[in-house]
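Chain by chain, the residues:
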Amino acid sequence: MLLELAAIKKSFNGVCALEDGNLAVQAGEVHLLLGENGAGKSTLMKIAAGMHQPDAGEIRWQGRPVRLRRPAEAASIGVAMVHQESLLAPHLTVAENIFLGREPLKGALLDRRRMERESAALLGEHRFPLQAQWRVERLSPAQKQLVEICRAIHNASSLLIFDEPTSSLSQEETGEVFRIVRTLRERGMGVIYITHRMEELRAVGDRVTILRDGRTVATGDLADFSTEQMIRYMVGREVPTLYERTPLEPGTELLRVELPNASFRVHAGEMVGLAGLMGAGRTELCRVLFGLDPAGDGEVCVEGRPVRIHSPRDAVAAGLAFLTEDRQQTGLALRLPIRTNVTLTYLASLTRAGFLHSRWEARPARALMERLRVRAASIEQWAGRLSGGNQQKIVLAKWLFRQARVFLFDEPTRGIDVAAKAEVFALMDELAHNGAAILMVSSELPELLQVADRILVMRGGRIIKELARPTTQEEVMRYAAVGE
Amino acid sequence: MLQRLLPFLSLIALFVGLSIASPHFLTGINLSSVARQTAVINIMALGMTLVIVAGGIDLSVGAILAFAGFMGTRAMESGLPIAAGMLVGLAAGFFWGLANGLLTVRLRIAPFIVTLGTLGIIRGLTLVYSGGLPVVGLPRGFSFLGEGTLLKLPVVLYLLVLCALVTHIILQYTKLGRYAYAIGSNREAAVYSGIPVGFHTVAVYAISGMLTGLAGMIEASRLMTGQPTAGQGYELQVIAAVVIGGGSLSGGEGSVVGTLIGAFIMGLLANGCDLLGISPYIQQAVIGAVIILAVTFDQLRKRRFEKA
Ligand SMILES: Nc1ncnc2c1ncn2[C@@H]1O[C@H](COP(=O)(O)OP(=O)(O)OP(=O)(O)O)[C@@H](O)[C@H]1O
Ligand SMILES: [Mg+2]
Numbered sequence: 001m002l003l004e005l006a007a008i009k010k011s012f013n014g015v016c017a018l019e020d021g022n023l024a025v026q027a028g029e030v031h032l033l034l035g036e037n038g039a040g041k042s043t044l045m046k047i048a049a050g051m052h053q054p055d056a057g058e059i060r061w062q063g064r065p066v067r068l069r070r071p072a073e074a075a076s077i078g079v080a081m082v083h084q085e086s087l088l089a090p091h092l093t094v095a096e097n098i099f100l101g102r103e104p105l106k107g108a109l110l111d112r113r114r115m116e117r118e119s120a121a122l123l124g125e126h127r128f129p130l131q132a133q134w135r136v137e138r139l140s141p142a143q144k145q146l147v148e149i150c151r152a153i154h155n156a157s158s159l160l161i162f163d164e165p166t167s168s169l170s171q172e173e174t175g176e177v178f179r180i181v182r183t184l185r186e187r188g189m190g191v192i193y194i195t196h197r198m199e200e201l202r203a204v205g206d207r208v209t210i211l212r213d214g215r216t217v218a219t220g221d222l223a224d225f226s227t228e229q230m231i232r233y234m235v236g237r238e239v240p241t242l243y244e245r246t247p248l249e250p251g252t253e254l255l256r257v258e259l260p261n262a263s264f265r266v267h268a269g270e271m272v273g274l275a276g277l278m279g280a281g282r283t284e285l286c287r288v289l290f291g292l293d294p295a296g297d298g299e300v301c302v303e304g305r306p307v308r309i310h311s312p313r314d315a316v317a318a319g320l321a322f323l324t325e326d327r328q329q330t331g332l333a334l335r336l337p338i339r340t341n342v343t344l345t346y347l348a349s350l351t352r353a354g355f356l357h358s359r360w361e362a363r364p365a366r367a368l369m370e371r372l373r374v375r376a377a378s379i380e381q382w383a384g385r386l387s388g389g390n391q392q393k394i395v396l397a398k399w400l401f402r403q404a405r406v407f408l409f410d411e412p413t414r415g416i417d418v419a420a421k422a423e424v425f426a427l428m429d430e431l432a433h434n435g436a437a438i439l440m441v442s443s444e445l446p447e448l449l450q451v452a453d454r455i456l457v458m459r460g461g462r463i464i465k466e467l468a469r470p471t472t473q474e475e476v477m478r479y480a481a482v483g484e
Numbered sequence: 001m002l003q004r005l006l007p008f009l010s011l012i013a014l015f016v017g018l019s020i021a022s023p024h025f026l027t028g029i030n031l032s033s034v035a036r037q038t039a040v041i042n043i044m045a046l047g048m049t050l051v052i053v054a055g056g057i058d059l060s061v062g063a064i065l066a067f068a069g070f071m072g073t074r075a076m077e078s079g080l081p082i083a084a085g086m087l088v089g090l091a092a093g094f095f096w097g098l099a100n101g102l103l104t105v106r107l108r109i110a111p112f113i114v115t116l117g118t119l120g121i122i123r124g125l126t127l128v129y130s131g132g133l134p135v136v137g138l139p140r141g142f143s144f145l146g147e148g149t150l151l152k153l154p155v156v157l158y159l160l161v162l163c164a165l166v167t168h169i170i171l172q173y174t175k176l177g178r179y180a181y182a183i184g185s186n187r188e189a190a191v192y193s194g195i196p197v198g199f200h201t202v203a204v205y206a207i208s209g210m211l212t213g214l215a216g217m218i219e220a221s222r223l224m225t226g227q228p229t230a231g232q233g234y235e236l237q238v239i240a241a242v243v244i245g246g247g248s249l250s251g252g253e254g255s256v257v258g259t260l261i262g263a264f265i266m267g268l269l270a271n272g273c274d275l276l277g278i279s280p281y282i283q284q285a286v287i288g289a290v291i292i293l294a295v296t297f298d299q300l301r302k303r304r305f306e307k308a
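Each protein sequence line maps, in turn, to chains A and B.
Numbering-wise, our numbering puts 231 at position 231 of the first sequence, and it's gapless, one number per residue.
Numbering-wise, our numbering puts 273 at position 273 of the second sequence, and it's gapless, one number per residue.
Pulled out of the complex, with its shape left as it was, chain A reads as follows:
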């Protein structure tokens, strides 16, 4: 055994995150770690990477008990981790981040040239669309994820932990991550892989461990488990993974976009998908519509009226909502309670004569939290102390509370577990039934194909094709990758 975690316990400020965490990974295997949002996966892995100290339990490395007091100690035995939330230094370049903590020296000075050369080689080898000298703060979440991956493969020598590495990656990069994982396995390294994308499991996994409410409830060869079985272990009940949506009769036109590079309409009750490769301009289009970037020539109409949107304020006033893909940077106030985050977009509905009614506030926050199965101590818990998937649910709740007419969803289900995902789609369906228009970006193409009425394919910053239902992954990918 390479690494064994036995009966690990961990609580934060009296709230239990891990009750009985067990996991054993061998050299030369890919070990999947599954569980609902907040089950304790990231916590267990952070303990293995020396970032948290367990309250009880034992860590064994190659059979011998060890204590990992600092990430540096874990790194010294060859353990590295791709973190769920970006832990990069935003003001440094891609190369500097890849080498952070292990900078090559030339005498007493940094060997910058070598850092950039080797980083560029690494990026090139995996065909990641990044430049070594770019500053990290400008990168999209997906690009940051790629930098994290490069940094981890550069640092790991015996065990690599991937905590949802593909949550914002599209198919191409996901495929490359699979190739990386297989190469590491062939080199005899151990890999632990966390994901909520059920279709990825069989592509990479050898063995699996499942956590529920902080306890390891199952472990074994992946081949011995059916997907339904694994979900039952995770959730404790049956959950449909295939989500079928019956399209509605489109109502009045709510959003009409006539821009040089994008021209389309979305009607009430419609759910339109926006597909494309990394950097195809999907997020940029949403940003323009929401007034974050200048629109240039062209016209945008909401509910038939032309609107001038120069800021998010204008956009919200016009009836738009924009769920951004980066929950930590642009989505949540991490050091404020869940309640405050949920109601922030629509305080007007909770004020009377200028005063906030805190009692009115609690009810919708609590209702949305229950509906989305948020695992939290209470609505007063700081948003930043939730697990990644639960944070994502709060961002969703925040915009659902706004009751907008037109929703722009950028990767709304990023990091959300199977059970909650079904609930998210049901909620979106309700929005559509209540007459909202939805434009949804998702890198998870199968998901997009399941829920979208139509798919707009973007490539090189413009919408090049509109595909009606029924369409296939192959067709979408052909337009996204090749054009025609």
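No lab work stands behind these hints: they were computed from the structure.
A hint or two may mislead.
Claimed, not checked - Here are the simulated distance ranges between beta carbons:
id : chain 1 : residue 1 : chain 2 : residue 2 : range
1  : A       : L87       : B       : L9        : 31 to 39 Å
2  : B       : V295      : A       : L87       : 24 to 32 Å
3  : B       : A110      : A       : R64       : 47 to 55 Å
4  : A       : A362      : B       : L162      : 25 to 33 Å
5  : A       : R69       : B       : I282      : 35 to 43 Å
6  : B       : Y173      : A       : R478      : 53 to 61 Å
7  : A       : E466      : B       : R108      : 36 to 44 Å
8  : A       : E370      : B       : I278      : 51 to 59 Å
9  : A       : E299      : B       : V295      : 48 to 56 Å
Unchecked claim - Short, incomplete list of chain A residues facing chain B, as computed with Cβ under 10 Å:
id : residue
10 : V316
11 : F322
12 : Q328
13 : S358
14 : W399
Each residue gets a CB set at the ideal place from its N, CA and C atoms; glycine is no exception.
Use these hints to put chain B with the ligands onto chain A, whose structure you have.
Frame of chain A; chain B with the ligands shown alone:
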């Protein structure tokens, strides 16, 4: 939990300790003098709480206090009634708060830099305008503000309670307060939520400026002069009061109750040193140490969060 209560417990401990250590502490005269002394810093600290919660900082409050006090008393000296002079003082404070807010928002410069600049500008202007000479010969009734009593309690205490109440309500029960927390906690997320971030940032500085203007008038009334050099170094005491009370210099945290406690801790420390005959030199050192201690707790709390 203990961390939240710590400032309050220290205040109680200080109070009890001083009652035992000095027979002169628990007397009406002494306590009302503490209240008067603390009120000025305290009222400024209320405004600063808003600013710090919203992720800002204002280093120019000491200068604003002097400017407002000077302008208000100059107005009275030139024959305006006391109430009008007071309004002039408040307006002068409001004006500089507004200016600070607009400069940070419009020029997108860090508030630390902006207010470091305005600190110099305001001090300079006050000195130029006054020629360095204080305003004297104020109407006798003006001393009622700083030194008068109402139902046996100092007038400033009523003012302090009123200001604290209003600030508390703003912070906890209005959109402005809620947005201040949101902006201070994650400015970008606030922008993306469609919040008018610029407007609310300016508002917070302006309110703080106005409260500082009021404090300036109180200070002038206590001395019965308009001192152009008043309030030197007050900004640090004010910031310290907010931080001791749980405010976080990285924004998003702070409360009126905490700030009141923080300001009273500082006030009691100064008073205690006086009563116990500790030299003012050591007094400075003690207060400095308390500030570091408080910031240490601020850091500890944050580190705890980052580990999470
Ligand atoms: N620093 C913290 N302070 C308080 N609670 C925490 C902290 N970190 C994690 N938790 C709690 O511990 C539990 C487990 O969190 P963890 O991040 O391990 O979940 P996870 O399985 O990785 O979930 P996800 O799939 O959403 O990433 C959650 O309920 C979370 O609220
Ligand atoms: Mg996690």
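| query | Which of the numbered hints are not met once you compare them with the structure shown? | reply | none
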